[in-house]
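Trainee: Put the complex together from the two separate chains, hints included.
Line order of the protein sequences matches chains A and B. As numbered in the numbering used here, residues 1 to 438 make up the first sequence, in order. As numbered in the numbering used here, residues 1 to 310 make up the second sequence, in order.
Simulated from the structure, these hints should not be mistaken for laboratory data. Treat the hints loosely; a few may be bogus.
As the list claims (entries may be wrong) - Derived DEER-like restraints, expressed as beta-carbon distance ranges:
(1) G422(A) - D117(B): 38 to 44 angstroms
(2) G15(B) - M189(A): 45 to 51 angstroms
(3) K423(A) - D163(B): 29 to 35 angstroms
Don't be surprised by glycine CBs; every beta carbon is placed ideally from N, CA and C.
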Amino acid sequence: MNKLSIIIQREYLSRVRKKSFIIMTFLTPLLMVALIMVPLLLSTVKSGKTRLIAVNDESGQYVSRLQDSKSWQFVAIGEDISSLPAEKREDFYAWLSIRGNLADSTGQVRIYATRQIPMELSSEIRSQLEKMASEDKISSYRIPELAQILKEVYPTVRTENILWSDKADGQEVKTSSEISMVIGMVATMLIYIFIFAYGSMVMNGVVEEKSSRIVEIIVSSVKPFQLMMGKIVGIALVGLTQFILWVLLILLLSAVGLSAVGLPMDTLMSANLPQAGETMNVNLSQEALDGIQIIQSFNWTSLIIWFILFFLGGYLLYASLFAAIGGAVDNNEDSQQFTLAITIPVILALYIGIYGAMNPDGPLVFWSSFIPFFSPIVMMVRLPMGVPFWQIVLSFALLVITFLLCVKLAAKIYRTGILMYGKKVTYKDLWKWIRYKS
Amino acid sequence: MYYLETSHVVKQYSGHKALDDVSIQVHEGKIYGLLGPNGAGKSTLIRIINHITAPDSGQVIFNGRQMTAADMARIGYLPEERGLYKKMKVAEQAIYLARLKGMTRNDARESLRYWFDKFDIRAWADKKLGELSKGMQQKVQFIITVMHRPEFLIFDEPFSGFDPVNAQLIRNEILELKAQGATIMFSTHNMASVEEICDEIGLINRSRLVLQGDVDDIRESHRQGQYLVKVRRPADPQVGLQALDSQLYSWNSLVRSSHYWTWQLRREQQADIPAIFSQIAARFDIISFEELIPDMNEIFIKTVQNIQQQ
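Looking at chain B on its own, in the form it has when it is part of the complex (with noise of 0.2 angstroms):
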């Protein structure tokens, strides 16, 4: 059973189709990263996650089954345009917001110090947002969105719009909100951070999703039989280029230093690893092999540009 899972979601607005047919799976105490490029229907999806539009068919299940608006208090939701009540005092509005997420007026008091102690603004309790820096804001923001102590949070975009120091300190908060158990999942286009942080992405591109899993695996899969190998500079100046050529693989990107040359080789379908090796050390003094596993980035940009050919 997965955590939450959206089934067959269809979305359409005035003649385009937001999402087709979107279904992705959420297990339980894991990031989530949603994936994809601007107006691929990111936001819309975590919308619908959200209750704030309803689809126009196909279904949100949420721990096994259909999610209502009562389940809405399990979770935390950070939008990708922030935006809070400028004139209104911090404290006062960050207890209204979590009431309305049900916790009693006490709940959110105790829960609104811990986090203002933790994030070290208890100062600023009385000041109106709008007094506020930039950066301040985005602080009161983001306890906003965990202060009810939510189960499941949803960030759009989350460090997008952050400052690097608050990014950094977001990006902590979330992996300890992992660690103490919480699911997450956030969108995002900033691949590195994907790498870093998420277990699970799921990459939506034009409406539709095109490609789901574990982070680990779905590079697994994308190998593509790609090689670095760093060695000495050979003593002999009679030793070319050619002494690269192999029967075994084709190679390129051929960087040559002082001391060291780097390149990068692709096996042939037949070859194994081991010769490849014996080969390459029978000639060279070998530093460093290393098989090269593709990075989000390339995945995402080779799988969205695959699709935009067919």
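With the rest of the complex left out, here is chain A (with noise of 0.2 angstroms):
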């Protein structure tokens, strides 16, 4: 067997037996998934005791207008709540005291409790009284219908962004910049921590390597470019592994948490959502209906080999240099004034991913997106907005370039630098051994 591929399989297997690499894998999506159905869950569950609450009201006129809920059940009683003995007190879980008009801000409103009263009591009380106040006010004006045409000052305007599709049937799509946006972001992030985790991992391996001496045997068998190569592709598979797991886990955990709730998985796959979702019984908002159509219209299998080739580029291009620094140094203390050279264009390409999903079209985020030190970053905010396939294919074409030219610059430092100890490496060294010839 080819050495490469032995040094690329314990690479691989090392790491993905570890035990960190199996719970961050499995966990994480199941926390993300967890984010966002268990509030979804417990919305559903409802506090299974109706507790009584006491009204005094002078004026008469609200307490039978009042609302019982699941939740609070309203009693009128005729005492005076403020004069209210200490041993009755217990009576009620909350006394509830209306004095005057309430539609002229005259009136006065208080909640008694011995414990402190939950705020969603008290915001309860209050949206029911000034809905009575209003109402008791619109009709003290005496004009007809005077409420339907309140109604009507406040009209609801939707919008739709509609993306002309380059494809020959003019097809309309509807889009959302919301969605768009919110989706780059992710991938942004998404290749940010993977670039630096994964990156970072490169370089452990080789200071472990290095710190250890075994790099000594393993070069008086192999080349130190393959083992360096060995060390970063086996390293890229870990990252595909865990990137392509996360998305099934979260598929499958999602396509389990929506049929809990009731709407089964391939009715919002298919494409004639409303009648589907009829026939389930489910009704669904229109807001629901656009937001399903906004998520089904991206291309998400273009989007996601994007995603995957150009982390893979940023990923080969950033570890080897964090391969380099590796090879350069000799414990991981002694790196930090090396990863800080990689770390600033990394950080700098995320803010600008993070303003140029805000502002996609401006200047910085459109020649940032070329650059191959940013691009893996700052693409992948463009990318949902639709972008010209050539520019897409000149920016990764650049990013290979660059990334070939990395390695093999890498691998210079590299060679010289994992036999050396002892020595605290400068920047002038790396340039000095970069033009040893081989």
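Mentor: The following block contains the structure:
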């Protein structure tokens, strides 16, 4: 078997079998889905107990109109609450006192209780009373159908973004810049995290081999370049495995979660959503339908493929630099002076990406999406918004050329560095190593 | 034809020469000791032979032709700075490293079983290296050096870093590997080990090869006409130190004990040994009369000092 593939195999298996990798890979999607699903589920769970609220309404015009809910039940009483004897306070969960006329703002509402009053209760009471006061006020003007008129003063306006498709059928597709932005941001953050996490994994691996001195045994069997590339490729496969598992797990968990709520996945995937919704007896609001249609409108296959390609390109670029640093230093502490040089462009790219999500047509974002040290991160923001094909290909080609150059330079630093011990390496040394002839 | 030869190897590191025109010759089936003070360039030469670094000029010739990367599978190398993956299981990493040397997985497994049984360490196969004691780790390191059945073995300072028990074990294994036909090269500054097991040596000092050849040949050529004489103490108390004086030799380092006198003598250039012997025999009762052949340690120190004086 080819030596490179033996190295790749070890680098891959030794990491994939680690407990921390398995936990991270399976826990993260679970957490992400839980983050969305748990509030959904919790909102369907109501507290079983109905609490009694005593109401002393001096004017008598509100108490009868207070509406009970599952949680609260209002009971009219005649006693004055402010002079209630202490031993009776526990008879009700809370005591509500309404005085005066609420419609002309002279009224006074007080809620008494022996415990902290839940915000839910006070806001419930306030909104019910405000509504009554408002209704009373409107009817006090004695203008026929005033309530209806007021409602019509605030018409709702819905905007739809339509993307003219390049395809011959001229199909119009609803889009949403908000959703594009969210997808772009998520992809940007993901690539940023992957480049950092897996890039430094490469560096740590190299430092481990160098500081444990095993590197000398290995390079007596294989070329340093094979060892470096084996590590970089092996770890790239670890990253891809994690990414693919995340996508699959999130899809699976969402399917399970949605069908628990009553929305099977295949319904959402089907093109003919409204009818499917009807047959399933599920009432979807127009907004929800639109949202699902917009999510369907993205070309997910192409998004994911470009995501993976740009991830690989960006990762290879940065991982080779991380490998060179790992080879040059003796231990992780010494690596900081060099990692800074890598960290700056990555973080800069992230900032450009975040800024670009809000202003995707700006020149900064446009040009940055072609600069290889930025493009893997910045291009992710532009992709969901629609980027001309030639621009993606050009950007990717530039990235590939740069990482080939970087791998070459990194290999030179790595080759010399892994056999150097005890010397504090400077940028000047690195430059000297690059210029060594092979 | 030599088994391994370096021819005019030069290696330069940022301003200083690590190796300057070094040509060594190693015969097949022999143990070659590479000697020299620290920093002389031994490890650099070993790294060049191992294809870890390339010489600036000169070449390494193996079996009569230029050594290639493919030859590395036939070499077993124990670096001076030992080290393996701490977090990897012992058997797993031994098999991994053997596969990088070109062994198949099954061959590697079989060979590993042989060595684990031999060193009686089979129970550790599934332990992580970091969980083992230092002595155990050293055994594992040695096994990894030899498990792919190399015909040429290179040990950089094999006896340093090993505890005495393991050092003895390694010494015996080296001799056994030689008996099985392997050629062995090792670097050391432990001179006692050189005479014990080396057939040939090369002495490197300040980047240059200053002495090379068969161990016994070198010792013979460094003879200086020194002899050690041991006699019975003369019964007659009148016999004084003047009895030692002679035209044929000069003497020193006399030790007188209750029963014996021992001293060293250096013969004069024309004097022959039977004449010296009979002269002493006429005056004393000789117990032993032996020539002092310089050991490698003396030759080493003398050679290095001579060069430094020049």
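Trainee: Holds or violated: 38 to 44 angstroms for the Cβ distance of G422(A) and D117(B)?
Mentor: For G422(A) and D117(B) the Cβ distance comes to about 39 angstroms; the hint holds.
Trainee: Given the hint of 29 to 35 angstroms, is the C-beta distance from K423(A) to D163(B) inside that range or not?
Mentor: Distance hint for K423(A), D163(B) holds at roughly 30 angstroms.
Trainee: For the hint 45 to 51 angstroms, verify it against the beta carbon of G15(B) and that of M189(A).
Mentor: holds, 48 angstroms
Violation of the numbered hints given earlier is absent; every hint is satisfied by the structure.
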